[in-house]
Amino acid sequence: MTLRAARRQRRHCLVASLAWLASARATATTPLQDAMRRAEALRDEATRAGDQPFGAVVLQDDTIVGAAPSRVLTRNDPTAHAEREALRDAARRLRTGDLSGCVLVSTSRPCPACETAAAAAGIARMVHGAALTDAGVPR
Numbered sequence: 005m006t007l008r009a010a011r012r013q014r015r016h017c018l019v020a021s022l023a024w025l026a027s028a029r030a031t032a033t034t035p036l037q038d039a040m041r042r043a044e045a046l047r048d049e050a051t052r053a054g055d056q057p058f059g060a061v062v063l064q065d066d067t068i069v070g071a072a073p074s075r076v077l078t079r080n081d082p083t084a085h086a087e088r089e090a091l092r093d094a095a096r097r098l099r100t101g102d103l104s105g106c107v108l109v110s111t112s113r114p115c116p117a118c119e120t121a122a123a124a125a126g127i128a129r130m131v132h133g134a135a136l137t138d139a140g141v142p143r
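Residue 56 in this note's numbering sits at position 52 of the sequence shown, and the numbers go up by one each step.
Rather than coming from a laboratory, the hints here were simulated on the basis of the structure.
Yeah, the Cβ is synthetic: ideal placement off N, Cα and C, and Gly gets one too.
Since no wrong hints were added, every one of them can be taken at face value.
Distance ranges between label pairs, derived from CB positions:
1. Asp-66 to Glu-119: 17 to 27 Å
2. Gly-54 to Ala-128: 30 to 40 Å
3. Asn-80 to Glu-49: 16 to 26 Å
4. Pro-35 to Asn-80: 28 to 38 Å
5. Glu-44 to Arg-129: 11 to 21 Å
6. Asn-80 to Thr-33: 30 to 40 Å
7. Leu-36 to Leu-98: 13 to 23 Å
8. Arg-79 to Thr-120: 16 to 26 Å
9. Thr-83 to Gly-126: 12 to 22 Å
10. Gly-126 to Pro-35: 18 to 28 Å
Produce the entire structure from the sequences given, and follow the hints as far as they go.
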């Protein structure tokens, strides 16, 4: 093989590798993105059930440990916001009310009561989608 042919082959392999890497990065998702997708699926589930359009997930070390849709209307419970329901689910699964270091992922910004509940549980970080007014719900 000539030097020119070897360089051409090496260049072709490099271009193919870069194309593969770019496509792998485009399809790879982070645990946070996966959690938001799960929260969005829960939001859609809540809507189908006739409830408010909200969903939330609790992550611990990149693993979903709690998840819930809004159940305010279906349970006739004004405290059954998706965020608090997800916190309750995580506490039940982990058998502790201490959710220190966990991340709360919600489809919209939590209300002040849900933010307070998250802080009381020790949630380290909250990630949310749209504001409440963007979801069509008055604050």
